[in-house]
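Asks: Could you slot chain B onto chain A? The hints should help.
Now for the letters of each chain:
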Amino acid sequence: MKLLEARGLGVAYGDFQVLWDASIEADKGEIVCLLGPNGSGKSTLMNSLSRLTRLTAGEILFDGHALHDLPPHRISSLGLSHVLERHRLFPYMTVLENLLLGAGPRPDRARLARAFERVYSLFPRLKEREKQLAHSMSGGEQQMCAIARGLMSEPKLLMVDEPFIGLSPQLRHEVAGALRRLNEEGVTILLIEQNVREALAFAHRAYVLRAGRIVLAAPAGELLAGDALESVFFGRRDDERLH
Amino acid sequence: MTIAGASLAPPVRAEWVRGGLIALLLAVLLALPLFLAARPFELRLLTVMFLYAAMGQAWNLLAGYAGQTSLGHGMFFGIGAYTSTMAAIGIGLNPWLGGLLGSAVAASVGVVIGLACFRLKGHYFVIATLVLAESLYLAFADWEWVGAAMGLDLPIEEPSLLAFQFHRDKRPYYYLALALVVAATALVVWLDRRKMGHVLRAIRDDEEATRSLGFSPMRYKLIAMALSAGMIAFCGTFYAQFVLFIDPPSVLSLQLSVMIALVAIVGGIGTASGPIVGAAVLVTISEYARIWFSGSGRNIDLMLYGLIIMAVSVYRPAGIVSLFGRRGGGRR
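Chains as they are written, first to last, in the numbering used here: chain A, 1 to 243; chain B, 1 to 332.
None of these hints come from the bench; they were simulated from the model. Some hints could be false.
Capping the alpha-carbon separation at 27 angstroms, the derived lysine-lysine pairs in DSS-like fashion look like this [stated by the list, open to error]:
1. A:Lys2 with A:Lys156
2. B:Lys195 with A:Lys156
3. B:Lys195 with A:Lys127
4. B:Lys195 with A:Lys131
5. A:Lys127 with A:Lys156
6. B:Lys195 with B:Lys121
7. A:Lys2 with A:Lys28
8. A:Lys28 with A:Lys156
From chain B, some residues computed to sit far from chain A (all C-beta separations above 10 angstroms) [what the hints assert, rightly or not]:
9. Trp16
10. Glu42
11. Ala116
12. Trp143
13. Ile156
14. His167
15. Asp169
16. Val182
17. Val199
18. Phe215
What the simulated footprint calls covered on chain A by chain B, stretch by stretch (three residues with Cβ under 8 angstroms from a Cβ of chain B suffice, anywhere in the stretch; the number is not a length) [said to hold, decoys possible]:
19. 72-80
20. 95-108
From the three backbone atoms N, C-alpha and C, an ideal C-beta is built for every residue, glycine too.
Pulled out of the complex, with its shape left as it was, chain A reads as follows:
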């Protein structure tokens, strides 16, 4: 069953178009990954889904709602949570305060308690660091806190922009484990990742972007087996005709 269905998305900054005709779907319970070289439009696509970036074309259907008509602050309460690139915590607030804000403007008490219990069982370290200012934690802890903050609204779809960037292998493993556990609990995940092999081992399906267009969409296994990816990343001449 489709949870997210976006068709023909276009984004331009002024006259400069950066995303063309992007269509992307995610089924309930899937882990979907966006791949592509730097500057290929992965973050732009994700930002356009959460409405932080304005669309010039296209429509987004999410769980029965037409997101393309909504302002960004109306998105999270519908069950779509976006963990922005480079975690973007509020540096001078504590972990607890950051998490509270993640629950949105009007969380009810029972839901809040449930959400806290869930993120603390997922990331026990955050419970220990509860009173600490966000900027005083390590990069890995900040990333965990950002994911936890994204979970406070109890999303159906969690979008994470580069969750593993700059993390040690140990922390990478920890964060990946947490995301997998969330997925097993039924949360659909859309993520951006630079490390292709790792991403494909993790995700069910992937979209590959290049120069603002989706050039490939396939199950992770197929992409791992074939050589289509190399041509996208290393840009063989004959490949240019695709666009």
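Replies: Quick look at chain B alone, frame taken from chain A:
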């Protein structure tokens, strides 16, 4: 706010120490007029200081917490002063009610300005507020109905708390101004500890991230603007009742807008104690420098004043209160 057994309030012991210091300061300020009955200069100095501290708090709510720097807050002061004064002259409205009316008018004007200008970022918002305030100054200086450049005299009443007028003994003004600071500070501290304060600071630090968490920045900025403008306007009414004469230079000038901002900036932007410390330092310096160093042809007082502001911004950009805090004052 207590959630899942965790509290957002600072540690209990620090709270006690701070509470004790505040109580002590308040006790001294409450007792002080007993010794100042025959010292009108000091009494006036402190009254003006309180007024600026209250306005600094109000400005800080919008600029320090929500991150929207305004250099036009003098316009709300003027709106408050003119609204209550015109209502008193025109229909004999009690100044307390006039003050509330002025606050409501200023809050509405603030919301309209916010709707139009909050989309502007950084310096453009500052310039917009400055230009709007200057336009209002020019409009009032030309508008016959409100006395134009000649200004307005307030109708003189029998002195009483209800009439908000005291003639021979000015000490009631002192206490009312003190009440204004306490009320303004209490409001800011209360908001700061509630979710509202967190959301405002979140908007200041990262508007996009706050938005993606489900908060409408516009809505929160408008609330901050309305509260801020309303508080300043009530101070404007206080000023009109205190001086009993208003004209555009005294209640709508750019200098006033700048002073309101400076009080908070010099003291410590985004902190509850900043505007109080800032007002104490700036008002004292400006008044004494005027006595000691001013006079025809030698405006050294203004130079000295400028020098101090420069020194603070160079050596303590987070404000004077950052000298005492563990975390730099600018961020809390």
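Asks: Each hint needs a verdict: does it hold in this structure or not?
Replies: Tested hints:
A distance of roughly 12 angstroms separates the Cα atoms of lysine 2 (chain A) and lysine 156 (chain A); the hinted pair therefore holds under the 27 angstroms criterion. Distance hint between lysine 195 (chain B) and lysine 156 (chain A) is fulfilled; the C-alpha atoms sit about 25 angstroms from each other, no more than 27 angstroms. Annotation: proposed proximity of lysine 195 (chain B) to lysine 127 (chain A) holds, straight-line Cα distance about 20 angstroms (limit 27 angstroms). A distance of roughly 16 angstroms separates the Cα atoms of lysine 195 (chain B) and lysine 131 (chain A); the hinted pair therefore holds under the 27 angstroms criterion.
At roughly 23 angstroms between alpha-carbon atoms, lysine 127 (chain A) and lysine 156 (chain A) fall within 27 angstroms of each other, so this suggested pair holds. Of the supplied pair hints, the one linking lysine 195 (chain B) and lysine 121 (chain B) holds, its CA atoms being roughly 24 angstroms apart against a limit of 27 angstroms. With a C-alpha separation of about 6 angstroms, the suggested pair lysine 2 (chain A) and lysine 28 (chain A) falls inside the 27 angstroms cut-off, and the hint holds. At roughly 8 angstroms between alpha-carbon atoms, lysine 28 (chain A) and lysine 156 (chain A) fall within 27 angstroms of each other, so this suggested pair holds.
At roughly 18 angstroms, the least C-beta separation between tryptophan 16 (chain B) and chain A is larger than 10 angstroms, which holds for a residue marked as non-interface. The non-interface label for glutamate 42 (chain B) is consistent with chain A: the shortest C-beta to C-beta separation is roughly 39 angstroms, beyond 10 angstroms. Look at alanine 116 (chain B): its CB is around 18 angstroms from the nearest CB on chain A, clear of 10 angstroms, so calling it non-interface holds up. Its beta-carbon lying about 39 angstroms from the closest one in chain A, tryptophan 143 (chain B) satisfies the requirement of being farther than 10 angstroms from that chain.
With 10 angstroms as the threshold on Cβ separation, the claim that isoleucine 156 (chain B) sits away from chain A holds: the shortest Cβ distance comes to roughly 49 angstroms. Non-interface status of histidine 167 (chain B) relative to chain A is upheld: no Cβ of that chain comes within 10 angstroms, the nearest being about 49 angstroms off. For aspartate 169 (chain B), the non-interface assignment is confirmed: its Cβ lies about 46 angstroms from the closest Cβ of chain A, beyond the 10 angstroms cut-off. Against the 10 angstroms criterion, valine 182 (chain B) stays outside the reach of chain A, whose nearest CB is about 27 angstroms from its own CB.
The claim that valine 199 (chain B) lies off the interface is violated: its Cβ sits roughly 7 angstroms from the closest Cβ of chain A, which falls inside the 10 angstroms cut-off. For phenylalanine 215 (chain B), the shortest C-beta to C-beta distance to chain A comes to about 6 angstroms, within the 10 angstroms cut-off, and the non-interface label is violated. Judged by the Cβ-Cβ criterion of 8 angstroms, the region 72-80 of chain A is covered by chain B as claimed, because 6 of its residues qualify and three suffice. Counting residues of the region 95-108 of chain A whose CB falls under 8 angstroms from any CB of chain B gives 7; the rule of at least 3 is met.
Checked against the numbered hints given earlier, the structure breaks hints 17 and 18 and satisfies all the rest.
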